[in-house]
Amino acid sequence: MKNLKIYSLVILALAMFGCEEDFLETPPKDKFTDENYWKTEENVETFAFGFYPEYFTGYGSSFTWGNYFSGQSLNDDFGPSNPGRFIQQVPTSDGGWDFAWVRKANIFIDRVQGVPMEQEAIEHWTGVGRLFRALEYHDLVKAFGDVPYYDSEISEDDNEQLYKARDSRTFVMDKVLEDFQYAADHVRGNVSSEGLMVDRNVVLSLMSRVFLYEGTWQKYHEGNSAKAAEYLEAAKWAASEVIASGEFSLGNYRQVFTSLSLSGNPEVILYREYELGMLTHALNSYNNKEPQTGPTKNAIETYLATDGLPISISPLYQGDLGIENVMANRDSRISETFVPYELRVNGVSSRYSTTAYATHKFLNEEIAAKPEGSSNLNPTDAPILRYGEVLVNYAEAAAELATVGGEAFSQEDLDKSINVLRSRPGIDLPDLQIIGGEPAVNGVVYDDPARDASVPSIIWEIRRERRVELMMEGFRLDDLRRWKKLDYLDMIVNFDINRGAWIVKADYPDANLTNLILTEGEQGYIIPAPAGTPRVFDDPKVYLNPLPLDQITLYRDQGFTLEQNPGW
Amino acid sequence: MKKVLQKLLLILLCFVSVQAFAQERTVTGQATDKDGLPLPGVSVYVKASTIGTVTNSDGAFSLSVPDNENSILVFSSLGFQPQEIRLGNQTTFQIALTEDTQGLDEVVVVGYGTQKKANLTGAVSTVDTEVLEARPITDVARGLQGTTPGLTITAPSGQIGENPIIKLRGSVGTLGTGGGAEPLILVDNVEIANLQMINPEDIESISVLKDAASTSIYGARAAWGVILITTKKGKRGTDPVVSYSNNFSWATPTTTPKVAPAAEGAEMGFAAVRRRIPSLESFGVVGMYVDQTAIDRMREWEELYGGQDLGPEMVLDRDFEIRDGRLFFYRSWDPRKLFVKEWTPQQKQDISVSGGSEKTNYYIGLGRLDQQGVLKVNPDEFVRNNLNLSVNTSITDWFDARASVLYSTSNSTKPFYFSSQTYDPWYYVSRWPAQYPYGTYEGHPFRNHISEVEQAKMNELKNSSARINIGSTIRPAKGLAINFDYTHDRINEQEHQTGGVLSAYNFWSTGANLEFGPYSSPAYNRVQYNSSLSEKNTFKAFATYEKNIGDHDFKLITGGDMEEFEYWFHSSQKRNLLDPDMGEIDLATGDMFVDGDRDNWTTLGVFGRVNYSFKNKFLLEVNGRYDGSSRLSSDEKWGFFPSMSAGYIISEESFMDFSDSYLSFLKFRGSYGSIGNQNAELGNIYRIMNPRSSNWLINNQNMLTVTTPGALPSGLTWETVTTLDLGVDARFFQNKLGMSFDWYERAVTDMHSAGVTLPSTFGTTSPLRNFGEMKTTGWEFELNFRHSFSNGLNISAVGTLSDFKEKITKYANTTMGIDSFYEGKVLGEIWGFETDRLFNENDVDAEGNLVAGIPSQELFETNGWFFYGPGDVKYKDLNGDGVINYGSRTVDDHGDMKVIGNSTPRYQYGIRLGADFKGFDLSMFMQGVGKRDLWANGPVVIPGYRYGEGWFEHQLDYWTPENQDAFYPRPNDQAQSNNAMNFLPQSKYLLDMSYFRMKNITVGYTIPSELTSKIYIDKFRVYFSGENLFEFDNLEVPIDPEVDYTVAGLNDSNTFGRVYPFTRSLSFGVQLSL
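If you read the protein sequences in the order shown, they are chains W and A. Read in order, the letters of the first sequence correspond to residues 1 to 568 in my numbering. Read in order, the letters of the second sequence correspond to residues 1 to 1074 in my numbering.
Please keep in mind that the hints were generated in silico from the structure rather than gathered at the bench. Note that this is a predicted model, so its numbers are computed, not measured. For every residue, glycine included, the Cβ atom is placed at its ideal position computed from N, Cα and C. A portion of the hints provided could be inaccurate.
Unchecked claim - Anything over 10 angstroms on all C-beta distances counts as not near chain W; from chain A, calculated:
#1 Asp296
#2 Asp579
#3 Ile688
#4 Asn735
As the list claims (entries may be wrong) - Here are the simulated DSS-like cross-link-like pairs (lysine-lysine), alpha carbons at most 27 angstroms apart as the crow flies:
#5 A/Lys615 / A/Lys555
#6 W/Lys29 / A/Lys536
#7 W/Lys370 / A/Lys457
#8 W/Lys227 / W/Lys485
#9 A/Lys536 / W/Lys31
Please take these sequences and the hints and turn them into a complete structure.
So this is what it looks like as structure tokens:
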């Protein structure tokens, strides 16, 4: 029995102090760490998917629809009852001044170099990482102009880097250009899931978008022809590479936006896949049965007549009394985009539109009545990059390049871009011609009387083509910004952006329309936003967003300076 | 285990003896004090009966009692300890009563041992476990609410089967780790993961250890105090005691918000949206429309049919109408009536057997709880079974062995939610306006949540929690005892969910085109199994040594403990059920989804404690603990934390003799010491790359991705929690009146927090380091009183009051934004504006502009349509600069904002009153919070939050030119914000969440034992009890004052106030023992 006491004490001693050294080491079991993650190309690819929905948002998810349709509605295409405003106040914090994605891309680029895989793979993934870094910097520059540029992860005590002054816009965009050039040189031409993963054509398409933006910005805002030319050259080259690849062609316009699957669509360069029960959106629903924000009179009038002439000079134009007349003899993209057979008046239709013109560009009629046609259950795939955009990018880059000392803009340029769009199956517009630098159809030069006098005639037509082709796809505000045309958004000067369809109240004897405000009382154009202060454009400061106050204060407290944008 | 149980039961059966029927017998005797002096006025009575008398001036008595040798004679007198004597065959009794040092000789369970209450030097409260008895409470924590100063117990909703939140001495505790100031809950010295495991009936005692000096012996995870629960054990050498008790209760919801009548609600909604779009003819929400005609028709409907039972079928053109291709509803419904039962039953039954022989004692407890939820259709239910077994035996005179099992199973069922947990049926009960269609048309339902619940299958969640403990005590030498305990805990949860397809008239998307058909997302047409397992092994060994040398008493403890925790989770889902009535994975054909989770951690520690007392007057305790944790950076895992406490019982001093007549006991005590807090987030010690779905699909697969690794962590070590506690305990008037007061200051240093504010360019959150500091200061006060009248009436009262405040004393935040943590911030503070009044028509000129002299509120007119005018809220220009603004929202520049309240509960109190007289007993328990504010969110508190959805009855008092004194401003589309336009955070609409609640009233009667003993029952008590009977509060909105954001509700704070209701209940039951 005495022994038992001793045994017990020994057991105690063993239990308490005899356990293994690493008893207290419990690294995470169901999570990776930076130290044990970067081992295979598959892991690299897995990390890269983290960037996709951020830059390739498409129709978003759940009750959102990305920048499509009313997702980006501060523009002259939309006539909401409560028009969006320009930024009014300097934010106290955040305000989009965020470098998390820059950091993510920098970490990715850095880690890829050490992953045991072929040199070709390292270069491909480096290119992919640099593409995302470039896209993030493009977004930052778009919002803030000058921003500090980082190409590596910063350590927390590196104040020189953390608090460095904003780098100039051109410095940053030169870096972005380097990233794009590297990506264009190294990203693979063929990937395992075409249309769903980044390949060289994706890089080039985005390059044409980004440098068209920056090239025109340099021209119109900075007056820097040299930089403008350099960037526009890059945009034009990138677009022409995509065109030259011969991989893409145009099919039915509306199918791009309504298909349950975009796999194999000849126009789609990159798309986001949606699947019932997995990932769905609500864009179809808001083209379907919900009340919606309608397009403006201004947007409707942009569409050409079937003879290729603007409505104000085309003999085919039937005027805008009644939807049949509006739609008659027009560029058929108008009826692909907007409901051609009825006006949906508030007070008459439950799925009314604020301007009575309704959008159906994104409506898949086959699912319209099913559960997946409504609510946030829409499974239609979203185009992220499509050939149509590359073509208008090409046309505009080429035309603008010619104005800043580049190669002259030619009929050949038009024929490989805009005229491809005009001969899209189902669209049958005469070719746009350039005669003596002026636009022409069927050999006859014309000039749109509605043209903004400060915009050269041919550029005006190219911009029209862009607006029509990309209608409701979220480009318009960016386009106005880079063209320095935010004054188009002034509702007093440009009152047609607060006008909808022409209505005669007496045509709806059963409906109570007393509160529907028309321009001429009992009839006239609908005024979608009759109350409230109209939006005016009176301060060019809104071309750039304000930086958040807390960051400015923080820099000052640390003995550094962070400049606010002009005017804020 | 089964065999042991069987044996024990057999033993028990043998012990149940047959008792003989008895005649009367006269007993006489005398009561004296311990020095032999006669004691007059001593009550002498037969236990659990009304037979009794009082001793005369010679201390003598004579009493005729039933001739039952098992009867117990009780002698009691003020200032003396009551004494019980078995009648046996005696007829004369000479009783020497010992003086009562009431409660002071009481032994209190403390860390790794017990301590005489009088000799405590730390801040330790004991809970009178009587508060847990005879109440329809489902778990210990709910029973503890209000009993112990310093302990805050809250439940955000009345959801059945859910554990409340327990906090001790603070709320947030530290900013570094999650969970807040949650005490460690130990049952028989080992942490219990789930309070449902312990049946309140099996609890012997509860101690709450509050300061570092008392808790430090538990180390690692005891930084926020310890609740020490000891379960009942059998007593050696006693006959078996069988106890049975039950409780049958019926519960009914407390205050819940009520949707406004249809026409009135629609009118408010219409007025609100027209501020945004004045031209609006009608407005719609989810496919149903409202216009002026509809409002008139709703009113008409109410006049014609209001209050009548029209049945569920809805009649076109009477109850609803299709006009201009739109759907209008006129009939009003009360979904709460359709959905919620008025009274829901609950029952509890508990039985226990305990006893022991000379060398062995045992306890068997069994309990069952059956609780029904308040749903009318497919009611939810919670059933729990508890088993508590313990046996302790002396193998030799120096070796004890013991084993115990705690086992509980619970099964909760509730209907499948065809939406997220955030938007449960409770949210929908008051989401829509009164005219929302809850009826049928041509026999089919309109889309509504009641029909969704009707169509739902039941989810089933089974939990089984087991704890097995084996241990031994060795006493190798006099005064030395060595204990070993190994405890294995395991919690297993299995959940089965069956979804399906909902069908109705989905007017949300079809509008007036009424077609009955399926509408739910195919994602809900699924079967899902979730299973989790957590396992913990705890090993403890410690030795105690006691030594007495003259006036010096020593007690030493040294030992160590280690814990090892692991967690597994797995879920499988398969879509597209072949038959929704057979929701099984094998019987579904669609996509499959699986998910998993895994976690583990370990701790290790050694500790020592020395207690020294001199003449039971000077008391000293010194503790030390060396702790290691796996949840800290590799090279920073260990920390040493010392603490000490001392006490001085001044009333023992002879120079205090003068006060003996009124002061019975007085002790000063103080403690100071530190304890470590661990549990850093994994992401702060490793560069975690968390797997998650990218939401980028490729060929139907949601591609996996991983998150960006965080900043390079700096070495994170223990947070140090240091408590200074000063206390005084006193008793007066022969111990009748007692009080205890504690003041404490608890400082968290080396708090896991950002060491420096980094600019956004850093690209991620600053790595945490041991940097910040936080301080909690508070006090606790307890008063108790007991008195026995000579006629047998006993009364008692206990009151507790406590308060605390948490403040950040060091924090890296140079911008000092009021919305973030900053040095000097009092936690819970609410920044807002002071409400002046509502604007009236004299405040604006003809153009609608504010007249000169009125501070501009333009800063908040940003959306292009809302402009302050008559009926809107006028804020006070506190800084007198002529504009209402918020500066830069920093501490130095906050414009007209100020701290308007605090959401931390302050001045929490509890009052317990008791009385008993001749077998009758009465107890009342009240509890409350003296001060608490909340700036809540959602339509219940913000009128017009979503103008198209339900408005509430209490919001009808709104401003109109005719009702200028209204409480609420003119209706407005608040655009889903509780921080805009008329509802910027402000003093007037701040919720006052203070309350006083009658928690419980119990009336009982114990049938005299002379009657019950005939059927071999020692004690038989019947009682009636009411829980949450009524309350007083200062709320302007009809919500229960204890309502808060639920865990799921935190995802969308607009759900506030629309949660599973709190209930009042009435119950009765019996308690008997053999």
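Hint check:
The Cβ of A/Asp296 lies farther than 10 angstroms from every Cβ of chain W, with a closest approach of about 13 angstroms, so its non-interface assignment holds. Every Cβ of chain W is farther than 10 angstroms from the Cβ of A/Asp579; the closest lies at roughly 19 angstroms, confirming the non-interface assignment. Against the 10 angstroms criterion, A/Ile688 falls within the reach of chain W, whose nearest CB is about 5 angstroms from its own CB. With a cut of 10 angstroms on Cβ distances, A/Asn735 stays outside the contact zone with chain W, its closest approach being about 42 angstroms.
Among the hinted pairs, A/Lys615 with A/Lys555 is consistent with the structure: their alpha-carbon atoms are about 14 angstroms apart, no more than 27 angstroms. For a cut-off of 27 angstroms, the pair hint linking W/Lys29 to A/Lys536 stands: about 17 angstroms separates their Cα positions. Proximity of W/Lys370 to A/Lys457 is assessed by CA-CA distance (about 24 angstroms); at most 27 angstroms being required, the pair is judged to hold. A hinted pair counts as satisfied when its Cα atoms are at most 27 angstroms apart, and W/Lys227 with W/Lys485 qualifies at roughly 20 angstroms.
Taken as a hint, the A/Lys536 and W/Lys31 pair is honoured in the structure, with Cα atoms around 21 angstroms apart against an allowance of 27 angstroms.
Figure legend: structure checked against the earlier numbered hints; the only hint not met is number 3.
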